[in-house]
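J.: Take 421 as the starting number for the sequence shown in this note's numbering and just add one per residue.
No lab work stands behind these hints, which were simulated from the structure alone.
For every residue, glycine included, the Cβ atom is placed at its ideal position computed from N, Cα and C.
Some hints could be false.
The following label-pair restraints were derived from C-beta to C-beta distances [as the list claims (entries may be wrong)]:
(1) Pro450 with Thr495: 30 to 36 angstroms
(2) Cys602 with Leu572: 30 to 36 angstroms
(3) Arg527 with Ser463: 24 to 30 angstroms
(4) Arg550 with Pro450: 37 to 43 angstroms
(5) Gly459 with Asp560: 32 to 38 angstroms
(6) Ala574 with Ala606: 34 to 40 angstroms
(7) Cys558 with Pro450: 29 to 35 angstroms
(8) Ser471 with Arg512: 19 to 25 angstroms
(9) Val502 with Glu435: 17 to 23 angstroms
(10) Pro611 with Glu477: 25 to 31 angstroms
(11) Leu532 with Gln510: 39 to 45 angstroms
(12) Ser471 with Thr495: 16 to 22 angstroms
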Amino acid sequence: MSGNSLLMALHSSTERFGVAVHDPMSSSEPSAVQVFDDGRGLSNTLITRVSAMLPRERWTQLSGLAVATGPGGFTGTRLSVVMARTLAEQLRCPLLGISSFALMAPRLHNQLPVDQRGQPFWIARELPRRGLVAGCYCLDANDVNELEEPHLVAKGRSLGPIVEAAEDVHADVLRLLELLRCAHLAGKAMPWSEVLPIYPTSPVGQV
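Please work from the sequences and hints to get the whole structure.
T.: What follows is the structure, given as structure tokens:
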């Protein structure tokens with residue numbers, strides 16, 4: 421695969437919406453990122469925000485897409501996942517889906533005591549009236565292995581080393597773009613149909 425490919429990553433698992441684009445035709449830096457504080461208004465601004473980063477007339481040139489799959493807000497996460505899936509299907513291009521917890525894992529790993537680094541650890545977020553959502557991760561150099569996808573943890577289950585989820589959409593959407601670039605260069609298939617949003621508290625499960 422060519423390293424001169426147009427790639428885009430989307431992250432809307434928080435109240436902030438991040439868009440990152442790798443554009444080999446850019447006259448400045450090949451990778452650019454913007455984060456928008458749209459909150460629940462994202463349903464009205466999604467297309468405008470993406471178009472501001474990459475004009476619609478260039479979408480057909482995309483060679484790959486990536487999207488954060490959550491966990492996060494039900495509507496926000498769904499919006500970007502649906503958009504990414506739709507574009508990938510129409511353009512017949514690869515789509516990489518990565519959980520938002522997996523994206524933050526390299527950052528949060530550094531918060532662990534030195535003697536706990538290098539072993540599996542949990543990233544968790546407490547949701548009022550719903551419980552603890554957590555995923556389990558292990559780092560191999562800078563590669564992240566997601567041992568357990570984020571899910572509602574059964575009451576009474578004992579977890580290993582644990583850190584609280586902490587958002588940094590700017591850093592995480594850039595990491596998502598870099599993961600896409602590496603996967604694209606490696607020629608990975610990344611079928612769009614396998615990318616689904618994570619709804620650990622949804623009464624209807626994944627859709």
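J.: Each hint needs a verdict: does it hold in this structure or not?
T.: For each hint, the structure was consulted:
{"no.": "1", "hint": "Pro450 with Thr495: 30 to 36 angstroms", "result": "holds (32 angstroms)"}
{"no.": "2", "hint": "Cys602 with Leu572: 30 to 36 angstroms", "result": "holds (31 angstroms)"}
{"no.": "3", "hint": "Arg527 with Ser463: 24 to 30 angstroms", "result": "holds (29 angstroms)"}
{"no.": "4", "hint": "Arg550 with Pro450: 37 to 43 angstroms", "result": "holds (41 angstroms)"}
{"no.": "5", "hint": "Gly459 with Asp560: 32 to 38 angstroms", "result": "holds (36 angstroms)"}
{"no.": "6", "hint": "Ala574 with Ala606: 34 to 40 angstroms", "result": "holds (37 angstroms)"}
{"no.": "7", "hint": "Cys558 with Pro450: 29 to 35 angstroms", "result": "holds (31 angstroms)"}
{"no.": "8", "hint": "Ser471 with Arg512: 19 to 25 angstroms", "result": "holds (21 angstroms)"}
{"no.": "9", "hint": "Val502 with Glu435: 17 to 23 angstroms", "result": "holds (18 angstroms)"}
{"no.": "10", "hint": "Pro611 with Glu477: 25 to 31 angstroms", "result": "holds (26 angstroms)"}
{"no.": "11", "hint": "Leu532 with Gln510: 39 to 45 angstroms", "result": "holds (42 angstroms)"}
{"no.": "12", "hint": "Ser471 with Thr495: 16 to 22 angstroms", "result": "holds (20 angstroms)"}
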